[in-house]
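Peer 1: Here's the letter readout for the chains.
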Amino acid sequence: MFLLAMRSIRKRPGRFLATLLSAFLGAAVIMTFNSMHDTAAQSGVDRVSKETLTTAASVVGGYGTLLVFFAVASTLTVTVRQRTAELELLRCSGATPGQIKRMVVGEAVAVALVGAVLAIGPAMLGGQALLGVFQDSGQVARSVDHSFGPVALLSGVDITLLAAAGAAFLAVRRATRGPRRAGRARTYLAYAALGLGAVAATSTFAFSATDEALMAAPAYGAILLSVGCALLAPRLLKGVLDALPLTGASGWLAVRNLRRRADHLAGILMSLILFTAVSTATLYMQAVESDAVAASGLVKSVDAKNLESLNYTVVGIIVVFVCVMLVNSLYAATSYRSREFGQQRLAGATPGQVLGTVGAEGLILTVVGLFFGTVAALAGIVPFTMVRTDSVLPDQGLGIWLAVASIAAAATLGTSLATARRVLRTPAIGAVGLAA
Amino acid sequence: MFRTGSRRKHDAGPAAEALRLVKVTKTYGTDDSAVTALDGVTLALARGTFTAVMGPSGSGKSTLLQCAAGLDRPDSGIVRVDGHELTGGGEAELTRFRRGRVGFVFQQYNLLETLTVAQNTVLPLKLAGQRVDRRKAREILTAVGLGDRLGHLPDQLSGGQRQRVAIARALVADPRVIFADEPTGALDTRSARGVLGLLQDAVRVHGRTVVMVTHDPVAASYADSVVFLADGRLAGRMDGPTPDAVAERLAHLGDDMTVGV
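Residue numbers (the numbering used here), protein chains in the order written: chain A, 1270 to 1705; chain B, 14 to 274.
Simulated from the structure, these hints should not be mistaken for lab results.
As the structure is a computational prediction, the values presented were derived from the model and not from experiment.
Where is the CB? At the ideal position from N, CA and C, for every residue including glycine.
Warning: the hint list may mix true and false statements.
Claimed, not checked - Per label pair, the in silico range of CB-to-CB distance:
(1) B:R206 / A:G1517: 33 to 43 Å
(2) B:R206 / A:L1358: 22 to 32 Å
(3) A:L1286 / B:A105: 26 to 36 Å
(4) A:S1604 / B:G71: 27 to 37 Å
(5) A:S1604 / B:G102: 51 to 61 Å
(6) A:A1485 / B:G142: 31 to 41 Å
(7) A:V1644 / B:E126: 47 to 57 Å
(8) A:L1513 / B:H219: 30 to 40 Å
(9) B:S46 / A:S1675: 19 to 29 Å
(10) B:G210 / A:S1604: 17 to 27 Å
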């Protein structure tokens, strides 16, 4: 089975590109930040520098790891689902479920290992750049050298491999067991995240306006709420679809496709919701904080600066990461629909109508994702603004949100439409004949 | 050039000749590796007939069907469906040409898995922007024996039932010609008989024209006539086919190559 796994990777490297990409990016993010632990652990690093570096590593270590887990898992779920036919064939040729499981998990681990190893170089450069940012802002002494050591290497490789193996195991179990209702565990997890998020967001009120940790509670609240929403995404999507009065052949098809595929689209919605919530919440809170500091006429302390640069770096990395994931999983999901598009065309759909359907689906997804992401973000922003200033909403206006929304819309619609266009180049009759 | 208004009602009544191919040639590949799938095929089928196209693998049956149905464009020659010539243009134009003129039944059904039986059936009407007559759709589905399965999804149906949905879908838009590509290829004998009976009814009861590609002499015997194809050329024709006669003829297709009909 191991040999078969290696052979199937060698023969079809393209298939594993999505997994490789997410493993690579995930490992790079984890290693970059964890190399700060290594850097701080060097002898001769002063206390302030050490604290800055450790905080940076721990903060991102927390939800960065969670994010990587989600990303690798959602990519693997999509790619394993697309191989159901192949797995079925293996089962018919006498492979036991255990053998199939070992093959898929083996493949995932091998690909993740390659991704993690490839990520070492970029993570070293990234770590150096990150250290440079801290040094430029004066939070870390110039004398500190970047170090890429065992913590970075082990955490990066371990987490990526663990995420890949776990996700592949769950995905193949789901694929070989046939369709089943979403587990109850997922629902509990979702409600737990929502509950904790609400508590975290509410606990903001327990802080005073000038507390340095003020931003932590609402930020975690917003992220947890968005994770909860993301876990409930299929159900939320179905609820929205029931209320949509879409007419026209493309809209009609889009609504029906989304309803049946709601469970499959969870990963994409999850990326959208997380992207919106994390970037909106962090950017608005940081803007409110900066304005409040400026208004008070005080010079920013090292800690405040620390927090600001950390916030922007974290948002930057997470936003890029989630955005790439979104594009990645949308590309994988759309290119897999070649056969379905062929069937639509044979039933009398023009290429324009197929694109119209894909566009309508993308639009509905974007709107739903943006809505729940924004709600989660607001749950963090509003308490923070109320405590930090006297108003309820930040006075920064809609600018930041519009930028976030347009990036989300461009990534979602752009990827699905561009991929669909490419897929449509195969003649319809050829597309339905291809083995799925 | 044909007009392509999607809501346009059809011209006054069907033409007497449902399908005409004149010297249709189709080659795949280039230069050295070129394969001539169709080599100057000329064929005319009258309205209200049930014709089977037979031939060994690689004889060009499927290419013939795809060219005749406007799924693919021939390299040269003329294709007329219901008196209208298939001309150049992009895929969108070909699609509009097929709407209302052509219906399909495939070996692999090609139903959309996200749509129910009833939704799959009315899909061609939806896509063509026509009013959806749900009562008529239900009547057709009842006629093919699926009146109690309207809300089922394709993966809840057996192969034979799926193929009946495909036939209902092909019938609902009142096409001039129904093309069936190995419609019984994936079915057991009993389901196959049911499906062939439905195709026969479409011709005898409803006056449609059916062209069916098959390699099964029993399936071919349901047709009014059989057209044989070998190496991309017509190799004879048989009216009132019986399974034995068709099998006998197929076995000797290579011996008596007669070009043209």
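Peer 1: Within 30 to 40 Å or not, the Cβ separation of A:L1513 and B:H219?
Peer 2: This hint holds: roughly 37 Å between Cβ atoms.
Peer 1: Take the C-beta atom of B:S46 and the C-beta atom of A:S1675, compute their distance, and say whether it sits inside 19 to 29 Å.
Peer 2: At roughly 48 Å between Cβ atoms, A:S1675 and B:S46 fall outside 19 to 29 Å, so the hint is violated.
Peer 1: Looking only at beta-carbon atoms, does the pair B:G210, A:S1604 fall within the given range of 17 to 27 Å?
Peer 2: The hinted range 17 to 27 Å is violated for B:G210 and A:S1604, with Cβ atoms some 40 Å apart.
Peer 1: At the C-beta level, are A:L1286 and B:A105 separated by a distance inside 26 to 36 Å?
Peer 2: holds, 32 Å
Peer 1: Per the hint of 33 to 43 Å, is the separation of the Cβ atoms of B:R206 and A:G1517 within bounds?
Peer 2: About 40 Å separates the Cβ atoms of B:R206 and A:G1517, which means 33 to 43 Å holds.
Peer 1: Is 51 to 61 Å respected by the C-beta to C-beta distance linking A:S1604 and B:G102?
Peer 2: The hinted range 51 to 61 Å is violated for A:S1604 and B:G102, with Cβ atoms some 27 Å apart.
Peer 1: A range of 47 to 57 Å was offered for this pair. Does it hold for the Cβ distance of A:V1644 and B:E126?
Peer 2: For B:E126 against A:V1644, whose Cβ atoms are near 33 Å apart, the range 47 to 57 Å is violated.
Peer 1: Take a look at whether the Cβ-Cβ distance between B:R206 and A:L1358 falls inside 22 to 32 Å.
Peer 2: holds, 30 Å
Peer 1: Taking the CB of A:A1485 and the CB of B:G142, does the distance hold inside 31 to 41 Å?
Peer 2: The hint (31 to 41 Å, Cβ to Cβ) is violated, given that A:A1485 and B:G142 are roughly 55 Å apart.
Peer 1: Tell me if the beta carbons of A:S1604 and B:G71 are separated by a distance inside 27 to 37 Å.
Peer 2: holds, 30 Å
Of the numbered hints given earlier, the model fails hints 5, 6, 7, 9 and 10; all others are met.
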